[in-house]
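Residue numbers (UniProt numbering), protein chains in the order written: chain Z, 1 to 136; chain Y, 1 to 114.
Simulated from the structure, these hints should not be mistaken for lab results. Note that the structure is a prediction, hence the values are computed from the model and not measured.
Pairs of lysine-lysine residues, derived as DSS-like cross-links and limited to a Cα-Cα distance of at most 30 Å, are as follows:
1) Z:LYS14 - Y:LYS74
2) Z:LYS27 - Y:LYS2
3) Y:LYS2 - Z:LYS37
4) Z:LYS27 - Z:LYS58
5) Z:LYS27 - Z:LYS2
6) Z:LYS14 - Z:LYS27
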Amino acid sequence: MKLEFDIASGDFSKAGRASSRIKKMLKQLQVDPKVIKRIVVAIYEAEVNVVAHSVGGKMLAEIDGTGITVIVQDNGPGIEDIEKAMQEGYSTATKAVRNMGFGAGMGLPNINRNTDEFTIESELGVGTVLTFRNNF
Amino acid sequence: MKLSEIIELTNAKVVAGDTEKNHNLLRAFSSDLMSDVLTLDTEHILLITGLANLQLVRTAEMADIEVVLLARNKRATPEMIELANETGLVLLETPYSIYRSGGVLFKNGLAPVY
Chain Z
1 MKLEFDIASG
11 DFSKAGRASS
21 RIKKMLKQLQ
31 VDPKVIKRIV
41 VAIYEAEVNV
51 VAHSVGGKML
61 AEIDGTGITV
71 IVQDNGPGIE
81 DIEKAMQEGY
91 STATKAVRNM
101 GFGAGMGLPN
111 INRNTDEFTI
121 ESELGVGTVL
131 TFRNNF
Chain Y
1 MKLSEIIELT
11 NAKVVAGDTE
21 KNHNLLRAFS
31 SDLMSDVLTL
41 DTEHILLITG
51 LANLQLVRTA
61 EMADIEVVLL
71 ARNKRATPEM
81 IELANETGLV
91 LLETPYSIYR
101 SGGVLFKNGL
111 APVY
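So that you can see chain Y by itself, here it is in the shape it has in the complex (with noise of 0.2 Å):
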């Protein structure tokens, strides 16, 4: 699924990262356990997550995410957006919770991880 078609599904605002970078993603997983993030092997996955931290960035660093949809109006703060634009992450916003953004997604054909 094309980013632009994640971001206007979800209601989403683009906080960081490149939107103009072709980015399509082949699956979406949700999570706050960052450990949980970190035993995926997919690649060009989607994260929908509730936890808006810097290691959530960092995480998502080192497991290759290109995605986090932050849900539920969390806010990335300044450093997460900083960080985000020094890894290339694009990071984006949405008031959906992570249910109704993981739901919305699904039906319109964005896989899971499991």
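With the rest of the complex left out, here is chain Z (with noise of 0.2 Å):
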């Protein structure tokens, strides 16, 4: 089962949408509630860092019998030093990314931490692409 959000830039309220739908069909295929959370926990964080940070871009998600991978691929800027902005406290963003309660550089370490496989990959100037997969 195959599914693709785009993600706007700057929306946020919209961010969320495509974690809330992936969260229903999960429960619907009756998957650990555990299971359910670390998951949706990575792509909301994945979906906010998309509105607050890039251009926009998109999300996929796949689901089969043993689990749930998900690509996050956003159009730019890029991240200049990935190893810092996988640092807990590390964060580029905006005073108005801060005031809805994000930006305290925990993004990338909470999506790592929930998931099982995570890679990440970025350009400066093209974009970045985050890869995740949680074995149900």
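Using the supplied hints, reconstruct the complex from the two chains, each of which is provided in its own coordinate frame.
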């Protein structure tokens, strides 16, 4: 089962729609609630990241018999220093993002903690791709 | 702690959600930082916050939080109420500060997450 979502830059009112849809679907599939929570937290953080930091992007989720794989791809600007971005507490978020209750430098570490497999690739001026997977 | 007890102790008003459902909260947490809320792996939590926006309701949905108490007269927007009713979140508003809400609930036996 494949799902695709567009994620618009700066539109916080819609951030969480993809995570919400995926959560409902996993509930219907009667996946263990603990597994659902971990993956939806990761997806939600990734969604907020695209809204907060990028010029926009998309999310692809694929559910198979043994787990869920998510690819989150944005169209830039790319992350300058991935190692720093992965450190808890490091953030380049604007004041507006912080006012929304995010931007404390916990997003990527939170994704890493809540997923079984996680890779991040980024190129300045091109964009960032996050791929993560959780097994059921 | 029963939802009715939380409402009474904090002098709260229910603005969204089904209070008839048997909500029994085991622990409470307070934060305005949603990423912090998303690190919790405890169940049946009350979240006490001063952040009143749509992301609060989304965060509660993803973090499996059943009840949110908006402190110090922060008002839930119509969009927040609509989304809370859709996701089944109970939203409460209290005139008490985060500190006072936490204090009174702690004193009456609602345990902290940390």
